[in-house]
Each structure stands twice: as structure tokens, then as C-alpha cells.
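Visitor: Sequence:
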Amino acid sequence: MAQLFFSERIDADLRRIIDHLREQASTDGADRLAGLIGAVDVLAANPLIGRPCGDGLRELVIGRGMRGYLALYHYDERMDLVRILAIRSQRESGYSIP
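Using the working numbering, the first residue of the sequence shown is number 1, and each one after it goes up by one.
Some hints here could point you the wrong way.
To be verified - Beta-carbon label-pair distances, calculated as ranges:
no.	residue 1	residue 2	range
1	Asp31	Arg78	18 to 24 Å
2	Gly54	Gln3	19 to 25 Å
3	Met79	Thr27	27 to 33 Å
4	Val61	Asp19	20 to 26 Å
5	Ala30	Arg64	17 to 23 Å
6	Arg22	Pro52	18 to 24 Å
The set of hints was computed from the structure by calculation and includes no laboratory data. Here a beta-carbon is modelled for each residue, glycine too, at the ideal position from N, C-alpha and C.
Using the sequences and the accompanying hints, generate a full structural model.
Guide: If you want it as C-alpha cells, here you go:
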């Protein structure tokens with residue numbers, strides 16, 4: 001089982017997602033967040049499940065359409081460590097990684 005490591009950036013990403021759900025008066029925001037975190041947790045058992053997206057990075061597709069998110073991560077096979085670098089809505093353009 002790989003270990004999961006969340007970058008400091010994830011906190012800002014989740015806050016942005018929560019703010020968006022509040023703005024949209026989403027009634028299932030807590031369930032959507034729980035689903036998002038649950039999907040990312042799958043990476044511990046299946047670190048290569050995400051699609052390759054260059055430079056050794058992978059992208060996990062979570063949900064679809066308006067309920068879809070993408071998690072950008074790197075899997076270090078030698079250390080058996082998944083570093084989750086960013087999370088965004090599928091409708092957002094690009095990741096905001098410094």
C-alpha cells in the first residue's frame with residue numbers, strides 16, 4: 001500500500017472548491033467532498049490508476065461533468081509514495097502550481 005502525501009497546495013485547492021460549492025448553494029457539497037477525498041484515497045492501493053500526463057506526473061479523473069474533478073499527482077515507485085500536487089474542477093483550465 002502506497003503512502004499518500006498531500007502538498008500544501010491541496011488546502012487552498014479544497015478551500016476554493018468548497019467556496020465554489022457554497023456560491024452555487026450546493027445541497028450535496030459535503031457528499032461531493034467526501035467522494036473526492038475517497039477517490040484520492042484509492043491511489044494508496046492503485047497508484048498507477050491515473051492517466052499519464054507527462055514529466056512523470058499522472059492525473060486521476062474523479063466524477064464527470066459539473067461534478068468532475070482532476071487530481072494531479074506523482075508516484076514515486078521506489079519509495080511507494082503518492083504525492084498529490086493539486087486538485088481542480090474538470091471545468092477549470094490548468095492547475096495553479098507555483
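Visitor: Each hint should be assessed against the structure and marked as holding or not.
Guide: A quick look at each hint next to the structure:
1. Asp31 <-> Arg78: 18 to 24 Å: 36 Å, violated
2. Gly54 <-> Gln3: 19 to 25 Å: Because 24 Å falls inside the window, the suggested range holds.
3. Met79 <-> Thr27: 27 to 33 Å: Since the Cβ atoms of Met79 and Thr27 sit about 41 Å apart, the hinted range of 27 to 33 Å is violated.
4. Val61 <-> Asp19: 20 to 26 Å: 22 Å, holds
5. Ala30 <-> Arg64: 17 to 23 Å: Taking Cβ atoms as reference, Ala30 and Arg64 lie about 20 Å apart, which means the hint holds.
6. Arg22 <-> Pro52: 18 to 24 Å: With a Cβ separation near 34 Å, Arg22 and Pro52 fall outside 18 to 24 Å, so the hint is violated.
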